[in-house]
Structure formats: structure tokens, C-alpha cells
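Could you put the whole structure together from the sequences, leaning on the hints where they help?
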Amino acid sequence: MTNGDREEVRVLSVWCQHLSLNVIKTKELIVDYRKKRTEHAPILIDGAVVEQVESFKFLGVHMTNLTWSKNTKTVVKRARQNLFPLRRLKRFGMGPQILKRFYSCTIESILTGCITAWYGNCSASVRKLLQRVVRTAQYITGVKLPAIQDLYTRRCQRKTHKIVKDFSHPSHRLFSLLPHGKRYRSAKSRSKRLLNSFYPQAIRLLNT
Numbered sequence: 003m004t005n006g007d008r009e010e011v012r013v014l015s016v017w018c019q020h021l022s023l024n025v026i027k028t029k030e031l032i033v034d035y036r037k038k039r040t041e042h043a044p045i046l047i048d049g050a051v052v053e054q055v056e057s058f059k060f061l062g063v064h065m066t067n068l069t070w071s072k073n074t075k076t077v078v079k080r081a082r083q084n085l086f087p088l089r090r091l092k093r094f095g096m097g098p099q100i101l102k103r104f105y106s107c108t109i110e111s112i113l114t115g116c117i118t119a120w121y122g123n124c125s126a127s128v129r130k131l132l133q134r135v136v137r138t139a140q141y142i143t144g145v146k147l148p149a150i151q152d153l154y155t156r157r158c159q160r161k162t163h164k165i166v167k168d169f170s171h172p173s174h175r176l177f178s179l180l181p182h183g184k185r186y187r188s189a190k191s192r193s194k195r196l197l198n199s200f201y202p203q204a205i206r207l208l209n210t
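Using the working numbering, the letters of the sequence shown correspond one by one to residues 3 to 210.
Honestly, the hints are just simulated from the structure, not real lab data. Any given hint could turn out to be false.
Unchecked claim - Calculated lysine-lysine pairs in the DSBU-like style (CA-CA distance at most 30 Å, straight line):
no., residue 1, residue 2
1, K92, K37
2, K194, K164
3, K130, K184
4, K75, K194
5, K161, K29
Set out below in C-alpha cells:
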């Protein structure tokens, strides 16, 4: 929200009058890319001030001004921690296929958690850190493992096809065919941040 955000919060508070809204667990995350940032008045809900935070964890994903730096650091750390049991399994004599299955269920699952939301805007250095985890796991298992970029592309394609087929999906309208019916209309984006986000990326994948 850019304009009238306080009014929207007030309307939400009134709408939730019959619900128990826990202000302590409610946080305000301000996303502002302007060089000169302005002070934002605190949000009040039933007279209580909503805490302003720099980072917020939602469904396992850390959001920090949409830079995803904290989230990727957490992902890499968790994935590296699971390399230890992978090494232990190899020492116990487990075969390559079992090691690969363990990798897919643990490390790969961590690396690809909500990857369509954050990977597109990761820097080259962060992508190298993520791929380094994959290479280490590949060395341990002795099996060829899919690169993190390929996993991201595959997840994007899978999610995109689900949205295109589901006419009731809120984002279905973003995928519209051009008059000739062979390619999808490209999403307009003024910034590189938006260009690298999921929907523009998904449309480009559909058109390739």
C-alpha cells in the first residue's frame, strides 16, 4: 500500500471487530526504495502501536525490503547443516541412490523452499553460494544432481502451468495470449527488480 494505508488498517480493524487481533504478533514491514526515506507514523490498532520491523518471517521465508539477503543466508546455513548427516550416511555404506534420495528430501527441499519468490532477485554471489552446496552434495553422493538454476526454472514452469490452467486463480489474468495466440503478452516492468520477479520470468519461460 502506498496511499491511505493507515485508513486501510483502520477498516481492517473494524472488520475484525468480532475477532481477536493480537497486536503483539502483528508487525509492520516498510518497503521503500527511495534514497530519501520519509518517517512513517506508527500504525495503531485499538490504541496499541504496531511494531515496525526490518525483517519478517512469513511461511518460512525471511522478508527484508524484498532483497532476500537474510532469507538466502538462512537457506544456505540450513542446507549446509544437513550435509553432515549426508556424509554420515555415506560412511555407513549407503548406496548412491539412497544418498540422492536423502539429498532430495532434505537439502534440495530446503534450497527450493518458495524459490520462485526469491531466487530471481538473488545476486550472482548468492547464487554461487547456493550452487556450492549442490556441488558439495554431488561430491558426497557421487551422483549428478540438478543445478540450482535448473531447479528454479523447473519450479517456475510447474507453477506457471498450474496458474494458466486454473481460471479461478487470482493471477490467471496476468497470462494473456497475444492476438495471434502463439505467445503470451510480456509484463511491463520499469525496474530490474520487477523484471526478475516471478511473473515476468514465468511469461518469458512460456514464450521460449
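Let me make sure I understand: some of the numbered hints might not hold for this structure. Which ones are they, in numerical order? 1 and 3
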